[in-house]
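Here the protein sequences come in this chain order: A and B.
All residue numbers for the first sequence refer to the numbering used here, where the first residue is 1 and numbers rise by one.
All residue numbers for the second sequence refer to the numbering used here, where the first residue is 1 and numbers rise by one.
Everything labelled a hint here was simulated from the structure, so no lab data went into it.
Just so you know, even glycine gets a beta-carbon here, dropped at the ideal spot from N, CA and C.
Warning: the hint list may mix true and false statements.
What the hints assert, rightly or not - In the SDA-like style, the derived pairs of lysine to any residue whose C-alpha atoms are separated by at most 20 Å in a straight line are:
| # | chain 1 | residue 1 | chain 2 | residue 2 |
| --- | --- | --- | --- | --- |
| 1 | B | K52 | A | P198 |
| 2 | B | K97 | A | E6 |
| 3 | A | K52 | B | K97 |
| 4 | B | K52 | A | R10 |
| 5 | A | K97 | B | F31 |
| 6 | A | K97 | A | G178 |
| 7 | B | K52 | A | A26 |
| 8 | A | K52 | B | D39 |
As the list claims (entries may be wrong) - The calculated label-pair distances, taken between Cβ atoms and stated as ranges, are:
| # | chain 1 | residue 1 | chain 2 | residue 2 | range |
| --- | --- | --- | --- | --- | --- |
| 9 | B | R24 | A | E6 | 29 to 35 Å |
| 10 | A | E96 | B | S188 | 44 to 50 Å |
| 11 | B | G22 | A | R54 | 22 to 28 Å |
| 12 | A | L181 | B | P19 | 36 to 42 Å |
| 13 | B | H156 | A | E96 | 38 to 44 Å |
| 14 | A | A74 | B | D68 | 50 to 56 Å |
| 15 | A | E6 | B | P187 | 22 to 28 Å |
| 16 | B | P186 | A | P38 | 16 to 22 Å |
| 17 | B | R24 | A | G195 | 44 to 50 Å |
| 18 | A | H32 | B | G59 | 22 to 28 Å |
| 19 | B | P187 | A | D151 | 35 to 41 Å |
| 20 | B | D68 | A | P38 | 15 to 21 Å |
| 21 | B | D68 | A | A98 | 40 to 46 Å |
Protein chains: 2
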Amino acid sequence: MPPLVESLARLIAELSSLPGIGERSAERIAFHLLRVTPDEARRLSEAILDVKARIRSCGTCSNLTEADPCRICADGSRDRSTICVVEQPNDLWAIEKAGSYRGLYHVLLGRIAPLEDIHPEDLTIARLVERVRAGGVTEVIFATNPTLEGDGTVLHIQRLLAASGVRLTRLARGIPAGSTLQYASPPSLADALDGRRPLG
Amino acid sequence: MPPLVESLARLIAELSSLPGIGERSAERIAFHLLRVTPDEARRLSEAILDVKARIRSCGTCSNLTEADPCRICADGSRDRSTICVVEQPNDLWAIEKAGSYRGLYHVLLGRIAPLEDIHPEDLTIARLVERVRAGGVTEVIFATNPTLEGDGTVLHIQRLLAASGVRLTRLARGIPAGSTLQYASPPSLADALDGRRPLG
């Protein structure tokens, strides 16, 4: 297709580069943006620049934040004796949405993956060890992804914290609530059997 | 969920308002934008403002354009004896992508829809009639959407142009009724153009 309108073609190209947006969706969104008021378009445009300009890593837990420390680290009502370790900020968000956790977090900003050249020193592991050594922490909950690399990362940190005397736990694995046994993956069924709990 | 980070929550809200983007996709895109370079984010942000600032309607055919007349109207190699009438600029784009049409266009900027309070005078019908009356046009091809309203719009314009002596045709119904031009495949659009039939 000849780029009938350059600026529109460029917007479609930019939108197509976003995750989960194909060319057709990009076109649809671009034509939508052409129809909205200049104000609405400006709000989206500014929101994009804003996140880049304002958001940084919390100096303590590496959560995304506009202020340092982040709201969770700064929140006096949270339980400071527990640290939940996640790979990425969106994992933290997912746990916050679940709404039952009241402790602090530590975001690793990845997982150990030698094949991708991601090593322990590329993550925030050293800072986690410091936080535990500083005292006051009684439990570290590992909530990395249930993958080989997630598990390997836990194993690595577990060794570093073994001497700390702090309780180390990981999220329960099993069949997801609301799913059906029939469609559960073999590994998650194996985990569910393995971690079976006594009734009442 | 508490808005952990205001600017991020705002970006997610803005993205969620785009067509075809749910809250999960919006989150995914927002976290993606957090990870890209500031330059990449700025390119998307500017592309959004650019289309709003630069794009207007062609004074002749109402196609989206940065210059007036638009590239198609200004293109000396196009067949000026044929005008293809579409509802929206993206319909024009769809036909251009099919690649077999070499004439000019006329974008109605909608279709007659009394229930939505859209009447003939809200569209660019008067300008189309003027273009035909100005002479040099031997055929008007109607490429409105194959819907009741699209057909009704054709009927209305057909009456206005009946006395002009110009050949009036519509796209062959190679395109499935009830769908929209915007999402038709290029080959089926090319077929539809090729098999256009004389009106009544």
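Hints, one by one, checked against the model:
no.	hint	in the structure
1	K52(B) to P198(A)	violated, 63 Å
2	K97(B) to E6(A)	holds, 15 Å
3	K52(A) to K97(B)	violated, 36 Å
4	K52(B) to R10(A)	holds, 13 Å
5	K97(A) to F31(B)	holds, 16 Å
6	K97(A) to G178(A)	holds, 17 Å
7	K52(B) to A26(A)	holds, 16 Å
8	K52(A) to D39(B)	holds, 10 Å
9	R24(B) to E6(A): 29 to 35 Å	holds, 32 Å
10	E96(A) to S188(B): 44 to 50 Å	holds, 48 Å
11	G22(B) to R54(A): 22 to 28 Å	holds, 25 Å
12	L181(A) to P19(B): 36 to 42 Å	holds, 37 Å
13	H156(B) to E96(A): 38 to 44 Å	violated, 56 Å
14	A74(A) to D68(B): 50 to 56 Å	holds, 55 Å
15	E6(A) to P187(B): 22 to 28 Å	holds, 27 Å
16	P186(B) to P38(A): 16 to 22 Å	violated, 32 Å
17	R24(B) to G195(A): 44 to 50 Å	violated, 28 Å
18	H32(A) to G59(B): 22 to 28 Å	holds, 24 Å
19	P187(B) to D151(A): 35 to 41 Å	violated, 49 Å
20	D68(B) to P38(A): 15 to 21 Å	holds, 19 Å
21	D68(B) to A98(A): 40 to 46 Å	violated, 55 Å
Hints 1, 3, 13, 16, 17, 19, 21 from the earlier list are contradicted by this structure; the remaining hints agree with it.
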